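Participant: Residue numbers (our numbering): 1 to 169.
No lab work stands behind these hints, which were simulated from the structure alone. Don't take each hint at face value.
[As the list claims (entries may be wrong)] Below 25 angstroms or equal to it, Euclidean Cα-Cα: the simulated SDA-like pairs (lysine to any residue) are:
id, residue 1, residue 2
1, Lys-115, Gly-154
2, Lys-162, Asp-113
3, Lys-166, Ala-69
4, Lys-162, Val-33
Only a predicted model underlies this, so the values are computations on that prediction, with no experimental measurement involved.
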Amino acid sequence: MTPEKSEDKRWRSTTILSVRRGGKVVVAGDGQVTLGATIMKANARKVRRLGKDGAVIAGFAGATADAFALFERLEAKLEQHPGNLARACVELAKDWRTDRYLRRLEAMMAVADAKTSLILSGTGDVVEPEDGLIGIGSGGPYALSAAKALLDSGASAEEIAKRAMKIAA
1 MTPEKSEDKR WRSTTILSVR RGGKVVVAGD GQVTLGATIM KANARKVRRL GKDGAVIAGF
61 AGATADAFAL FERLEAKLEQ HPGNLARACV ELAKDWRTDR YLRRLEAMMA VADAKTSLIL
121 SGTGDVVEPE DGLIGIGSGG PYALSAAKAL LDSGASAEEI AKRAMKIAA
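Work the whole structure out from these sequences, hints included.
Facilitator: Encoded structure:
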């Protein structure tokens with residue numbers, strides 16, 4: 001296979017959207033897993049509650065096994081830094097960037113608690129968006145654009161997330 005052909009057979013998937021509005025936060029995922037242009041699964045669970053009390057919600061885009069490894073690491077960091085999502089994420093990002101094993105993981109995460117929404121990447125980025133909106137994965141930019149357009153509608157965070165995900169699909 002030529003490089004162009006093998007590129008078409010990569011596992012691709014995912015639209016994760018996080019909307020923060022009116023003191024509420026919603027993280028939604030499309031559940032779709034594709035190999036090239038073929039939908040392999042339509043109901044994958046890409047959004048999970050983390051932490052002992054479930055106060056953190058996280059969605060992932062990327063390789064599933066990598067995401068599970070990162071979820072476990074993030075939970076450990078949340079235990080080390082209870083109630084401080086930003087610190088836990090910065091510590092995870094430092095490990096992700098410097099650890100030989102973690103450095104190879106291909107995923108992105110959107111994480112949120114009652115106060116903070118963050119994007120984490122394997123390049124060491126921990127970004128808090130100004131507008132409270134996060135879109136990651138191959139469909140993330142479409143869902144993010146739709147959510148931004150819906151901000152003026154007066155809809156709730158949940159309604160904006162549902163409508164934006166439907167538009168992005």
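Participant: Please write out, lowest number first, the hints stated earlier that are contradicted by the structure.
Facilitator: Result: hint 3 breaks, nothing else.
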